[in-house]
Amino acid sequence: MTPLAAIAAEHGLARVGVRPDLAEYVRQVWRRRHFAVALASSKAYSRNQGSYLGQAWAVLTPILWAAVYLVVFGVVLSTDRGVANFAGFLVIGVFLYHFSASSIQNGSKAITGNRELIGSLSFPRALLPIATVLADLLTLLPALLVLLFLVPLTGEPLQASWLLLAPAVALQWVFGTGLAFLLARAVADVRDLARLVPFVLRVAMYTSGVFFSISHYVDDPTIANVLQHQPIAIYLELGRAALLSGVETSVGTWLWALGWAVAAVLVGFVYFWRGEERYARG
Amino acid sequence: MPGAERPSLVVDDVHVQYVTYGGRRNARLRKHVGAVDVVKAVRGVSFVASHGESIGLIGHNGSGKSTLLRAIAGALPVSQGAIWADGDAALLGVNAALMRDLSGDRNIQLGGLALGLTPAQVAERYDEVVDFAGIGDFVHLPMRTYSSGMSARLRFAISSAARPDILMIDEALATGDADFKQRSQARIDELVEHSATVLLVSHSMSTIRSMCDRVLWLDHGRLVADGPTAEVLEEYSERTGLPTARPTRRPQEVAP
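If you're matching them up, the sequences are chains B and E in order.
Per this note's numbering, the first sequence starts with residue 5, numbered consecutively.
Per this note's numbering, the second sequence starts with residue 192, numbered consecutively.
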């Protein structure tokens with residue numbers, strides 16, 4: 005022990021910049037939870053603030069997206085692709101896919117995109133991926149409201165199963181946070197990985213059944229089986245089953261949804277925590 | 192050793208280096224691909240600071256002053272050595288954690304929470320922060336509409352309202368007007384009286400003289416001198432040939 009270390013020990017000073025153990029880290033994250041919530045709501049808010057219509061865009065943006073997809077797929081390409089309520093199927097799919105896609109995209113930049121914040125304040129860095137995905141959830145909420153108005157227009161009855169949309173989205177959110185932990189650290193370690201994210205997202209879009217029903221389009225039973233258990237496809241199925249009377253789901257799918265969420269958040273959090281000391285300026 | 196009586200901060204042989212992307216100093220090598228470089232900003236600095244002490248950091252641009260403060264705040268990892276601190280450290284930099292697209296009131300909330308205040312404490316100190324910053328109605332406008340002096344005042348008001356045990360100020364007072372300088376000086380004295388430790392980076396030697404009891408002089412990441420303000424500034428002036436302002440009276444003697 006150096007003489008200075010002895011002075012520090014004698015006066016009970018705490019070491020700065022070392023990674024706390026996992027339990028202490030979780031406690032620190034919990035103590036600063038209000039910061040994560042404030043940061044998330046600020047991020048979600050500032051996305052729309054730089055225009056005349058301001059926060060009205062939170063609702064207008066999803067309406068316009070829904071209109072674009074309905075015109076392109078419902079009128080121009082005019083196909084139902086083997087789905088009963090294709091309009092409802094499509095809009096739910098697009099909105100929920102977009103939620104996961106933005107968790108992945110923004111989550112991967114949660115460390116590298118917040119260098120100012122990291123460089124000036126000390127707080128558990130796990131709050132950044134958490135706040136980023138929470139901001140995406142807050143952006144999704146007005147879109148879900150739009151969805152609840154649009155879906156009855158496509159002829160769907162109001163049902164008790166609509167309530168299941170809340171736990172389905174909650175699991176998808178937890179899953180997205182887990183992915184954000186994994187990607188935020190991976191990109192902080194190797195920047196170039198950020199360049200691969202758009203390609204991964206494109207693959208995810210085409211293999212999650214956003215625009216079509218996987219069981220209807222994929223002939224090979226093994227591939228269909230794998231694609232149907234892919235996490236984003238699982239969350240899309242739960243969302244659609246909650247709102248559309250023509251889509252059925254099973255307890256098995258809910259268990260898959262839970263499993264993916266828990267696995268992603270546990271693995272992601274531990275992986276992220278192990279890199280805590282290294283999220284430096286660069 | 193100065194400051195060993197009731198230490199609040201121990202910095203032991205600290206080295207800080209960081210990786211930069213996008214360019215290399217040896218530009219003939221790998222300029223377009225693999226343009227990654229390692230900057231050794233702080234190379235073996237040791238000192239002990241105690242409660243109720245205000246310390247100035249001086250040195251040329253790029254001497255490692257800001258990097259050292261970031262490491263003390265826990266915002267940059269040390270590559271060698273160790274730092275120990277008593278309580279919370281808050282760093283107030285020229286580019287502190289405020290979001291330009293958000294209004295001043297949202298930034299007050301965000302900044303307070305980031306510094307570890309509870310939502311109730313933020314609400315309680317809100318008026319005090321707005322008054323101290325003296326930004327009036329602008330508190331409802333986005334911070335990108337603020338003048339540099341206004342945003343510096345708001346940043347200072349937020350960080351000092353959190354009443355941290357160690358307050359670090361990185362050139363943040365440079366843009367304020369005379370009236371604000373006086374008020375911030377009073378606020379720093381008040382914090383020091385309540386046994387906080389203040390570390391101040393400034394290129395204004397008159398600011399250093401009026402606010403600091405002790406000065407650390409950094410040069411190329413190494414500590415050149417550490418001692419009472421007048422002595423270190425005199426040595427600095429002799430060795431660099433730069434003016435260090437005339438010795439001024441202590442703040443309490445300054446007429447209002």
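Bear in mind the hints are in silico, worked out from the structure with no lab data behind them.
Think of the CB as a built atom: it goes at the ideal place given N, C-alpha and C, for glycine as much as any other residue.
One should not assume that every hint holds.
[Unchecked claim] If the Cβ cut is set under 7 angstroms, some of the chain B residues that face chain E in the computed set are: (1) 6; (2) 8; (3) 11; (4) 15; (5) 17; (6) 20; (7) 21; (8) 23; (9) 38; (10) 42; (11) 46; (12) 222; (13) 226; (14) 228; (15) 281.
[Claimed, not checked] Derived DEER-like restraints, expressed as beta-carbon distance ranges: (16) 25/B - 411/E: 30 to 38 angstroms; (17) 368/E - 75/B: 51 to 59 angstroms; (18) 271/B - 210/E: 39 to 47 angstroms; (19) 377/E - 171/B: 37 to 45 angstroms; (20) 373/E - 145/B: 29 to 37 angstroms; (21) 292/E - 263/B: 36 to 44 angstroms; (22) 259/B - 328/E: 31 to 39 angstroms; (23) 145/B - 431/E: 57 to 65 angstroms; (24) 65/B - 312/E: 31 to 39 angstroms; (25) 226/E - 270/B: 33 to 41 angstroms; (26) 14/B - 340/E: 40 to 48 angstroms.
Hints versus structure:
no., hint, result
1, 6, "holds, 6 angstroms"
2, 8, "holds, 4 angstroms"
3, 11, "holds, 6 angstroms"
4, 15, "holds, 5 angstroms"
5, 17, "holds, 4 angstroms"
6, 20, "holds, 4 angstroms"
7, 21, "holds, 5 angstroms"
8, 23, "violated, 9 angstroms"
9, 38, "holds, 5 angstroms"
10, 42, "holds, 5 angstroms"
11, 46, "holds, 5 angstroms"
12, 222, "violated, 40 angstroms"
13, 226, "violated, 41 angstroms"
14, 228, "violated, 42 angstroms"
15, 281, "holds, 5 angstroms"
16, 25/B - 411/E: 30 to 38 angstroms, "holds, 37 angstroms"
17, 368/E - 75/B: 51 to 59 angstroms, "holds, 57 angstroms"
18, 271/B - 210/E: 39 to 47 angstroms, "violated, 26 angstroms"
19, 377/E - 171/B: 37 to 45 angstroms, "violated, 55 angstroms"
20, 373/E - 145/B: 29 to 37 angstroms, "violated, 47 angstroms"
21, 292/E - 263/B: 36 to 44 angstroms, "holds, 39 angstroms"
22, 259/B - 328/E: 31 to 39 angstroms, "violated, 55 angstroms"
23, 145/B - 431/E: 57 to 65 angstroms, "holds, 59 angstroms"
24, 65/B - 312/E: 31 to 39 angstroms, "holds, 36 angstroms"
25, 226/E - 270/B: 33 to 41 angstroms, "holds, 37 angstroms"
26, 14/B - 340/E: 40 to 48 angstroms, "holds, 43 angstroms"
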